[in-house]
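Protein chains: 2
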Amino acid sequence: MNIGDVSRLSGLPPKTIRYYEDIGLIKPLRSSNGYRAFRDKDLHKLNFLARARSLGFSIEDCRTLLELYEDQDRTSADVKKVAETHLERIDEKIRELKAMRETLNELVDACHGDHRPDCPILKGLSSPTQ
Amino acid sequence: MNIGDVSRLSGLPPKTIRYYEDIGLIKPLRSSNGYRAFRDKDLHKLNFLARARSLGFSIEDCRTLLELYEDQDRTSADVKKVAETHLERIDEKIRELKAMRETLNELVDACHGDHRPDCPILKGLSSPTQ
DNA sequence: GCTTGACCCTCCAGTTGCGGGAAGCCCCAT
DNA sequence: ATGGGGCTTCCCGCAACTGGAGGGTCAAGC
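Respectively, the protein sequence lines represent chains A and B.
Going by this note's numbering, the first residue of the first sequence is number 1, and it counts up by one from there.
Going by this note's numbering, the first residue of the second sequence is number 1, and it counts up by one from there.
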């Protein structure tokens, strides 16, 4: 399989796939013409990566998960730990965003949004958030 | 005021303040010794920026907001539009994160997390998300 | 046999919003 | 005069790619 094939099959752009090879996440073979030659194994890894990335795992998390994925002697506890840590980061991010949303929404609600220059949003940004 | 002073007063690191000057968000004067000389006006802007950034506005949004802040002929509708657009981006981000959280949480819950290698999390990542 | 177009390759630069660190002034206190 | 801050500029690096330049390869059609 060429890069275009695995790109279509995994949904990852060719650029991303080359990047994943650069940083050592996958190691496709090479054809005599210099083209990358992907095996099923490589495609499986790319699918794995695509799904892990879509769940928000960092590249380094993905590297760890891929290693665990390939290690027959892993323990599920190790995997769960990585996932739980990531879950907490997500929760933290959601909390942050909700706090932003809260404050921002108050400002937006207070703003009449007409042709006049008077604006509670700018006022809110220019004076301390109590 | 030197950069250290406005840094303490605004809570922004000196590096950030220099960066904001680099990209033209603030234009402090210069003392004869080459030090940046911040006026009250500059400090106000930095405080404004610190608050806008803490609400998640991008630098370009901040640039727009600062321009509106300084424009006596602005309309509050213009400001509100920027804020509402940002609010939608935040909501979108929250939705994405919640979806991730959902899926990830199911996987974590399904994983017993013991010494055995069998792991629903890895299984979930290696087979299509239905 | 030649051209065309779709692939593929590498390498370099840019993105966002800074942070780290080097190398070198400046200023004040001892 | 010497030490310790503080200030300056400059350049590199981060994450995770994306875009583009410049060039080789392959298969089909004429």
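In case anyone wonders, no lab produced these hints; they're calculated from the structure.
No experiment lies behind these values; they were computed from the predicted model shown.
One should not assume that every hint holds.
In this list, chains with the same sequence are indistinguishable; a pair is considered to hold if it fits within one copy or across any two.
Taking lysine-lysine pairs in the DSS-like style, the calculated list, with each CA pair at most 25 Å apart, reads [said to hold, decoys possible]: (1) K41 x K27; (2) K123 x K81; (3) K27 x K123; (4) K123 x K98; (5) K81 x K15; (6) K15 x K27; (7) K15 x K41; (8) K98 x K41; (9) K123 x K41.
Against the structure, the hints:
no.: 1; hint: K41 x K27; in the structure: within (10 Å within a copy, 56 Å between copies)
no.: 2; hint: K123 x K81; in the structure: between (45 Å within a copy, 16 Å between copies)
no.: 3; hint: K27 x K123; in the structure: between (55 Å within a copy, 22 Å between copies)
no.: 4; hint: K123 x K98; in the structure: within (21 Å within a copy, 32 Å between copies)
no.: 5; hint: K81 x K15; in the structure: neither (31 Å within a copy, 36 Å between copies)
no.: 6; hint: K15 x K27; in the structure: within (15 Å within a copy, 40 Å between copies)
no.: 7; hint: K15 x K41; in the structure: within (19 Å within a copy, 46 Å between copies)
no.: 8; hint: K98 x K41; in the structure: neither (41 Å within a copy, 31 Å between copies)
no.: 9; hint: K123 x K41; in the structure: between (58 Å within a copy, 15 Å between copies)
In this structure, the hints that do not hold are numbers 5, 8, in rising order.
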